[in-house]
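Asks: As a plain string of letters, each chain reads:
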Amino acid sequence: MSDIAIELRGIDKSFGLVHANKNINLTVRKGTIHGIIGENGAGKSTLMSILYGFYQADRGDIVIDGNTVTIKDPNAAIANGIGMVHQHFMLVENFTVLENVMLGAEDSQILNTSISKARVELKRLEKEYALEVNPDALIEELPVGLQQRVEILKALYRKADILILDEPTGVLTPPEADHLFRILGQLKDQGKTIIFITHKLREIMAITDEVSVMRRGEMVATRKTRETSVEELAELMVGRRVLLRVEKGAANPGDVKLAVENLTVRDGRGVTMVDNVSFNLRAGEIVGIAGVAGNGQSELLEAISGIRKAVSGKVLLNGQPIDVTAHVDPRELRDRGLAHVPEDRHHVGLVLKFEEAENGILGYHHDKRYLNGVFLNTKAIQADAEEKIKKYDIRPPNARLKTANFSGGNQQKIVLAREMERGPDVLIIGQPTRGVDVGAIEFIHKRIIEMRDQGKAVLLVSVELDEIRALSDRIIVMFAGRVVGERDPDATEGELGLLMAGVEGRKEAAE
Amino acid sequence: MSNPYAKLPAWAEYGLIPLVNLIVAFLVAGLVVLLVGENPLSAAYHMINGAFGRGEYIGFTLYYATTFIFTGLSVAVAFHAGLFNIGSEGQAYIGGIGVALACLWLDRTMPWFVVFPLAIIGSAAFGALWAFLPGWLQAKRGSHVVITTIMFNFIASSLMVYLLTRVLKPLGQMAPQTRTFEAGGQLPKLDWLMSIFGLNLGNSPFNVSFLLALLAAFCVWVLIWRTKLGYEMRTMGHSPSAARYAGIGEARITVIVMMISGGLAGMMALNPIMGEQYRMQLDFVQGAGFVGIAVALMGRSHPAGIIPAAVLFGMLYQGGAEIAFEMPAISRDMIVIIQGLVILFAGALENMFRPAIGRVFASIGRRSVAAAQTRGA
Amino acid sequence: MDFFHTIIAILESTIRVSVPLIFAALAGLFTERAGVFDIGLEGKMLGAAFAAGAVAAVTGSVMMGLLAAILISVLLSLVHGYASITQRGSQIVSGVAINFIVAGSTVILGEAWFRQGGRTPALSGDARFQTVTFPFADAVRDVPILGPVYSDLLSGHFILTYVAFLLVPFSWWVLYRTRFGLRLRAVGENPGAVDTAGISVIWLRYRAVICCGILCGFAGAYLSLAMSAGFVKGMTAGKGYIALAALIFAKWRPLNIMLACLLFGFLDALAIRLQGNPLPLIGQVPVQLMQALPYILTVILLAGFIGKAIPPKAGGIPYVKER
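Protein chains in written order, with the numbering used here: chain X, 1 to 511; chain P, 1001 to 1377; chain Y, 2001 to 2323.
Derived by calculation from the structure, the hints in this document are not laboratory data.
Zero decoy hints are in this set.
Computed cross-link-like contacts, SDA-like style, restricted to lysine to any residue with a CA-CA straight-line distance of at most 25 Å:
hint : chain 1 : residue 1 : chain 2 : residue 2
1    : X       : K188      : X       : R124
2    : Y       : K2251     : X       : L111
3    : P       : K1140     : Y       : I2300
Just a few of them, taken from the derived set where beta-carbon distance is under 10 Å, the chain Y residues facing chain P:
hint : residue
4    : N2099
5    : A2103
6    : S2105
7    : Y2241
8    : I2242
9    : L2289
10   : L2302
Predicted model, so just to flag it, every value in this text is computed and none were measured.
Beta carbons are placed, not taken as given, at the ideal position from N, Cα and C, and that holds for glycine.
If we strip away everything but chain X, and leave its shape as in the complex, we get (with noise of 0.2 Å):
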């Protein structure tokens, strides 16, 4: 017997062009909690489900106690001993914790038999791992933190040795992570195996025996918990990359244009993703709001642009108050000067099944240039995309081309000349960069900073922490929903990290 429990050698997948996971090499040692950090994108989740038999790698083994095995199907994971706790809950709602924990293991055609067997199992690892749950509730009426408990249980019930959780916090609440952290330490104290999946170094630091650091599709670092820090996995995490530079002269901020006050946003599961956040956004500044990704800020930009109702709070645009709490109509935002690049150009900036030139209206058709009275004007509509095309350089320049057929780069132009050459007062950025080829990456970086030196207000969000330092004149910094610190775009980025972390904020939230 090795102390081995699970190891990876040389994984690679590719979908199309991604190349998600780039020569994996990972070892997973018995009884210990291993964590996975990357940033969003680095390859993590499609490590863990090639694990769990829902891909297949190109290259490479997975070895587990000592021999080679090849897990094609989520079958083949469960037989060789490894569970797993999916980010999305692989829970069927209108079924009770029972029904859910034994499907799929069922050990007979007869329910019956199979319920009585499942629940003395379950009571028994109710009291081994302190797992209590009734057996009988509906999942649906279940609170977040106990259907994830029968997760757990679930791949308990199927002898799992290896557990793997994908991101198991994000859905839960503090005081329910800290339960859950209870638990996994029961579980490795039974001899489990946990393979841990984040990107808050805070839980690495709090509960890992052992760290392994993706960026980029590739495994850049292992470290022993305890003999690492906060500082070097933010690094290792983030990377030295080239330091963006982008030329910019001072800001000259003028009067306040968005004001954000007590702001609160809960998705649709009824969990708090923006908890009572306040900020003003002045004419000629730009705000980065840094943060890992799933921290409010798809939520607040949410908000203040009338996708998503608000639960409180008061959002003022030129002084002029917007009633978040109801349906705004996201027209009316854009009449009076509010513009917004979201973050996901593929299903809301844009209709990929159009022509580049119907994108280049959307949100605005109502516009009169672009109408005949109740008929488009497609004339104007071509000649405004053509203008375009050339003043932001989208290639190729064709404005019948079907947007799908454009780079990310140039289809983020295609949504950035839209929203930018309107002269909003106020424009909102989500995340202006991902998915873009370096090219471009440098072009509208200095786009963006010409739109604060015309006197617009930039509120920029980005998960990318030197995009957010090379743009910002103040930088805000959000974790678990919460403004947790604002700092100057001088502010290290090691300063940053902590803060992003959640290390620093709560000290200062407090304050």
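Fit chains P and Y to the given chain X structure using the hints.
Replies: Positioned in the frame of chain X, the structure of chains P and Y alone reads:
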């Protein structure tokens, strides 16, 4: 998320794939012909001859096509907004009330060109009304439009039986139908149009509602691609999340689109009622609403595709009658099979041949690249 | 007493017309609970009725007829499954297509093979289902109240009628008390949960679709081998859609399905009975209103005015593994 299918040139996407799907549908239909002991090739010959062999036949073919243009447009308009209106059948049926009322009111006093516009408005209004409720229920109450429109087809059918047996039937008449309209309720035939091509219309009921159908097709094209409303519809159909971002009200669009769709279906009633039978009869729609589904799928929801698809189905209906005459083993129900096969292969199985066609294109691409490289070396 | 006999007669015909609805609605229950919507119940039932009529006429065996019905209906189900599960096409479009293909083929093939205007030859003797008479049915007929109930209402139906009513608790048992049923219901709610539990979503859905085919086979066979003595073209006459309405009206639950089918069947029987006869207190009720009532009730239910019909969550959506 990348497109799971290989990218094909536009002509393959909009020409080759529908054509392959259509050919397969007809091959399977040919098998059925074989199964009943007839020769598919001579069936095809009789079909084409029966549809186009004489001016009269062409007149019938285009008469049927007129009906299918309306219902095809009806289904297509809803498709553009991401809605599946299976209720064109019922909407067309109810639309007949509008036509009948206009005719019964004015046919004795007014010429056709006065009655016709009123009948158009009436048919569209009644059809739209019948589609309004399913649209409203989807928009406000979340009831799925597919199921409610099926239900409304049956409700329409019962309602019309009631109206035709109790309300609209003249006293002392047995058949459940309105009285026969007089001159003002009869649309002129298009013999002048046919004579331009040196054809004789004969007894066929090819009438001016054909021109209205062409006009409707043009209007639908304008609506979808040249108006603000059409732009909003397409945005919603392609991406509901982008529509929300752009401030396009989903509920409003759903109701409006269903009413337009119902209105187009309703206008179909003009053709048989004012153009052929000169009275409203029981079951005058005869499944044309469902043919509209096949026509819209085959025509890829574009008027330029819908018109030829409607003519094709007109050919099937007219030529099918001719086959039935020449080959006793094959009745007009053959068309219903073909209609189903077209819906299956051009609709539910539209992607079945795409991977194979994509591979062919990919291998051609590779070979030409390889050839270029050899030349280069 | 006359009134009583009328009631018995109406209830007796209610049972008779409810049977195909029950078979078909239970068929829909299996596939829709697994997340595959099916508006092709009508077509499958019609195809089965034709196959049953044709094969029974040729072989003279009612059992061969029933087997043929099931075979054809399952084949049609597999076409629907291939289009909507394997090819991930639109389930609605596929269902519509099957309805048309069958509506046309049954007439064409029937005419080609039997030349009786789309009918199959009239069946008699062993080629048709016989009614079952309960013991002592004749003897107790004259006992007041209970006599007619036993002899006319409960006794004297086709064997398939009893099968249909027994299938209601059986379907409930399968769905709620067997492993297969648990998994089937799970795949209609959250296929991801089934997939991650190591069960094939595709194969599970195919099995559900096959169950649907078998039950539609029974529905069709009942029409042409029991209710009528042979196949008549278009003999389902919208029963598949009524069954679909009953399925929705019953909120996808077996026992409710039986009640909904009996209700819709009762409306049908009443409509026939009331033709031309005024109803006490209400007066003349148009028979068409009675015929439309199942659909009207279903629309009102769908609009959320009587409870809420919540379809299986994953219904209508082809399963694609997510990243």
